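A.B. asks: Start from chain R and add chain S according to the hints.
2 protein chains.
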Amino acid sequence: MHIILLSGGSGKRLWPLSNDIRSKQFIKIFKKEDGEYESMVQRIYRQIREVDKDAEVTIATSKTQTSSIHNQLGEEVGVCVEPCRRDTFPAIALAASYLHDVKKVSGQEAVIVCPVDPYVEKEYFEAIKELGEIVLRDSVNLAILGMEPTYPSEKYGYVLPENQEKVSRVAAFKEKPDAKTARQYIGQGALWNGGVFAFRLSYMLEKAHELIDFKNYEDLFVKYDTLDKISFDYAVGEKEKNIKVMHFQGQWKDLGTWNTLTEAMEEPCVGEAILNETCENVHVVNELNVPVLCMGLKDAVVSASPEGILVSDKEQSSYIKPFVDKISQQIMFAEKSWGSFRVLDVEDESLTIKVTLNPGHKMNYHSHHLRDEVWTVVSGRGRTIVDGVERAVAAGDVIKTPAECKHTIIADTELKVIEVQMGREISVQDKRKFPWSQSAAFPVPGTDSTQT
Amino acid sequence: MHIILLSGGSGKRLWPLSNDIRSKQFIKIFKKEDGEYESMVQRIYRQIREVDKDAEVTIATSKTQTSSIHNQLGEEVGVCVEPCRRDTFPAIALAASYLHDVKKVSGQEAVIVCPVDPYVEKEYFEAIKELGEIVLRDSVNLAILGMEPTYPSEKYGYVLPENQEKVSRVAAFKEKPDAKTARQYIGQGALWNGGVFAFRLSYMLEKAHELIDFKNYEDLFVKYDTLDKISFDYAVGEKEKNIKVMHFQGQWKDLGTWNTLTEAMEEPCVGEAILNETCENVHVVNELNVPVLCMGLKDAVVSASPEGILVSDKEQSSYIKPFVDKISQQIMFAEKSWGSFRVLDVEDESLTIKVTLNPGHKMNYHSHHLRDEVWTVVSGRGRTIVDGVERAVAAGDVIKTPAECKHTIIADTELKVIEVQMGREISVQDKRKFPWSQSAAFPVPGTDSTQT
Numbered sequence: 001m002h003i004i005l006l007s008g009g010s011g012k013r014l015w016p017l018s019n020d021i022r023s024k025q026f027i028k029i030f031k032k033e034d035g036e037y038e039s040m041v042q043r044i045y046r047q048i049r050e051v052d053k054d055a056e057v058t059i060a061t062s063k064t065q066t067s068s069i070h071n072q073l074g075e076e077v078g079v080c081v082e083p084c085r086r087d088t089f090p091a092i093a094l095a096a097s098y099l100h101d102v103k104k105v106s107g108q109e110a111v112i113v114c115p116v117d118p119y120v121e122k123e124y125f126e127a128i129k130e131l132g133e134i135v136l137r138d139s140v141n142l143a144i145l146g147m148e149p150t151y152p153s154e155k156y157g158y159v160l161p162e163n164q165e166k167v168s169r170v171a172a173f174k175e176k177p178d179a180k181t182a183r184q185y186i187g188q189g190a191l192w193n194g195g196v197f198a199f200r201l202s203y204m205l206e207k208a209h210e211l212i213d214f215k216n217y218e219d220l221f222v223k224y225d226t227l228d229k230i231s232f233d234y235a236v237g238e239k240e241k242n243i244k245v246m247h248f249q250g251q252w253k254d255l256g257t258w259n260t261l262t263e264a265m266e267e268p269c270v271g272e273a274i275l276n277e278t279c280e281n282v283h284v285v286n287e288l289n290v291p292v293l294c295m296g297l298k299d300a301v302v303s304a305s306p307e308g309i310l311v312s313d314k315e316q317s318s319y320i321k322p323f324v325d326k327i328s329q330q331i332m333f334a335e336k337s338w339g340s341f342r343v344l345d346v347e348d349e350s351l352t353i354k355v356t357l358n359p360g361h362k363m364n365y366h367s368h369h370l371r372d373e374v375w376t377v378v379s380g381r382g383r384t385i386v387d388g389v390e391r392a393v394a395a396g397d398v399i400k401t402p403a404e405c406k407h408t409i410i411a412d413t414e415l416k417v418i419e420v421q422m423g424r425e426i427s428v429q430d431k432r433k434f435p436w437s438q439s440a441a442f443p444v445p446g447t448d449s450t451q452t
Numbered sequence: 001m002h003i004i005l006l007s008g009g010s011g012k013r014l015w016p017l018s019n020d021i022r023s024k025q026f027i028k029i030f031k032k033e034d035g036e037y038e039s040m041v042q043r044i045y046r047q048i049r050e051v052d053k054d055a056e057v058t059i060a061t062s063k064t065q066t067s068s069i070h071n072q073l074g075e076e077v078g079v080c081v082e083p084c085r086r087d088t089f090p091a092i093a094l095a096a097s098y099l100h101d102v103k104k105v106s107g108q109e110a111v112i113v114c115p116v117d118p119y120v121e122k123e124y125f126e127a128i129k130e131l132g133e134i135v136l137r138d139s140v141n142l143a144i145l146g147m148e149p150t151y152p153s154e155k156y157g158y159v160l161p162e163n164q165e166k167v168s169r170v171a172a173f174k175e176k177p178d179a180k181t182a183r184q185y186i187g188q189g190a191l192w193n194g195g196v197f198a199f200r201l202s203y204m205l206e207k208a209h210e211l212i213d214f215k216n217y218e219d220l221f222v223k224y225d226t227l228d229k230i231s232f233d234y235a236v237g238e239k240e241k242n243i244k245v246m247h248f249q250g251q252w253k254d255l256g257t258w259n260t261l262t263e264a265m266e267e268p269c270v271g272e273a274i275l276n277e278t279c280e281n282v283h284v285v286n287e288l289n290v291p292v293l294c295m296g297l298k299d300a301v302v303s304a305s306p307e308g309i310l311v312s313d314k315e316q317s318s319y320i321k322p323f324v325d326k327i328s329q330q331i332m333f334a335e336k337s338w339g340s341f342r343v344l345d346v347e348d349e350s351l352t353i354k355v356t357l358n359p360g361h362k363m364n365y366h367s368h369h370l371r372d373e374v375w376t377v378v379s380g381r382g383r384t385i386v387d388g389v390e391r392a393v394a395a396g397d398v399i400k401t402p403a404e405c406k407h408t409i410i411a412d413t414e415l416k417v418i419e420v421q422m423g424r425e426i427s428v429q430d431k432r433k434f435p436w437s438q439s440a441a442f443p444v445p446g447t448d449s450t451q452t
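Residue numbers (this note's numbering), protein chains in the order written: chain R, 1 to 452; chain S, 1 to 452.
The hints are simulated quantities; they were obtained by calculation from the structure and are not laboratory data.
This one's a predicted model, so the numbers in the text were calculated from it and none came from an experiment.
It is possible that part of the hints are untrue.
Identical copies look the same in the list; a pair holds intra-copy or inter-copy alike.
As the list claims (entries may be wrong) - 25 Å max Cα-Cα, derived SDA-like pairs, lysine to any residue: (1) 215 / 150; (2) 166 / 412; (3) 104 / 394; (4) 326 / 276; (5) 354 / 306; (6) 12 / 254; (7) 416 / 349; (8) 174 / 195; (9) 12 / 271; (10) 28 / 348.
This is chain R alone, in the form it adopts within the complex:
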């Protein structure tokens, strides 16, 4: 089974957990059986593996998410990086040519596309597997999953099947309706279009070449920013005649707002929180290391992260976006491919961060023009390279890297460092990267960084 998971853009509807650089699919909010928490992307990836351990998963996403994906799913997961955002049709075209040209997948194989963020159970993955089988067995060009509507939503497009069989030809696609029209559609047996579909790889490549002038994956990648923003439904789905829909009645929740997200939470609290006995229908997600105490609240969500604190009536929480749009602030926390960083203190001419490097990872070899840095290693073992000179470092060591000095740090074990940046203009743009040859002095498998 080949699956393309579409990992969408940054959203602010789940602020303060999601923001410009951290998308909702990376928030660790779902409790696993072992008591640990996992994110949407970790959950869906784990679920796919449980249904089909040999499933080949490719995540189609933007460059900004690559670090988080590798941080949460490991290095081996397939990632097809979009050079910029161009909506779902170009993204799927790029992923299809990546599978064919880079991964050498045969054009005769079925490929399933689904978003990374619905909250689903095992039955969903059985269904998408069946979707791929329908494509191959019934010789249709597209097989789409139609979700049983639970209310007349205005958020989704609708698919009208020709009949009420489990698998039926599609009579029509309907764009997002108003509530009244949605009720009519549902009365006619329409299903939600959740953006889940399957095709033969060769079909998608034909469609891609029909609509975009390109030679192969590499060529498409290079000209990606010249492509029009166009959705897959509009470019392909709604025009296709040889298409079937499979009726899906299992759980499928779109966790786009705090209201729906908290419905999917196993327990009322993630993180340190106390609810007194007069709280009713209250959920807390606390990423800070200090307690949240809630008293006498009803139908409320409280979320605290290094970015800020939300306290909202659950229904009101769906109107969050314009308020968050007005908040402009320093990014306070980010997951990177090599680990994570958290801002501890901001002053006019200094910035103090805590850097956690995962074992075997390193930063880029880089320098800054306008700032000096002081690293104090607080735990772990590793090595620094400063202007070409390597030294072993461990807890207690202090490394000074003045402006223009080239430096990097390599983690042999997990390595935690307090980094004090000092200068008149501190910005993430002030960074020059340098190559460093993979010599004996530098035997760690190289991974990338964009910060510090």
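C.D. replies: Using the frame of chain R, we list chain S on its own:
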């Protein structure tokens, strides 16, 4: 006018702003005309000065509050330090002998005692001034302020005047009643006993010597921990026959709970906060440097500090204490006589704090047995002394002080330092202080510290 301000113990009812080491009277929550915020103790001190610029104010308080008092009111304010907590009678006896023996105040002068934490206006200070005049003019031993009750409170004792004149002899004191009895008292013209009273200094010294065996201030200070815990009302007030009460009808608010505190706030928000248009009767006090967003809340208080986050229905907030008692955590922020510190990061074997020293102040000269420290100066200018060697320091300088090494830092301008503490056992107890002679090398007026 001599005023003894009783600055009471740490309270948890205003958590997360108040805690074991930070009392409610030090929270900067009241907006001044210049747009800056001031605390209860700063407000009352400023108000006293506005009514009587020559008023001699002595703050009777515990050792733990001395740093905060000097931090907020300056070095010149009179402080009578109680070696330990022994309730109001010993505290007033100690302050009285301090005024007489140390400050050389004549026994014939009137002294006024009042708590540091009611929320009052100028009229209150006019009233307490009058209270002192009554003592001298009417030759009574005690003159007490009786507050006009606004509801049948169970929180206060009551004073029953003999008649309804503004100044009357006291008929009886009544202990905190239940609500029904309180209504009866109020029907009889009883007033709240807010712990505000005046006396001739010689009278209080007589009472002190009657009940406690001591020679003078110094002697009382030394044996303070052997004294019984006993309230002034019980030991003196309720037994005194030559006593008058003055009826006070002005504003007098006890800001002991979030509910009452928020009533005294000029604006709904202190600190960075956004309330959407559906919020009603919501107050936010945010001491963090990230925003708090509130949506759809009613009758709620939200407070965020380095210690934690409270989100509470206002009425429920008065039941906070047992919940806060269960929270045991690292102190995350403290004001000291020399400035303040804030915990930025806690790891098993390291603690990172930000130290802000006020200009002209310094830490004690000290060493640690079980931890190394690294200081990175991020702003300002000053000097360090490490094992007797002084050097000038400024932003960008790094100072390493391994275990056993003696060290201090002196701020010439405001000085901000990131301090990384590293060791297997990091505790505030691991500290040895050393004298440092006031030589030419060390000309800064010495002040004290108890941290770092």
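A.B. asks: Checking each numbered hint in turn, tell me which of them this model violates, lowest number first.
C.D. replies: 1, 2, 3
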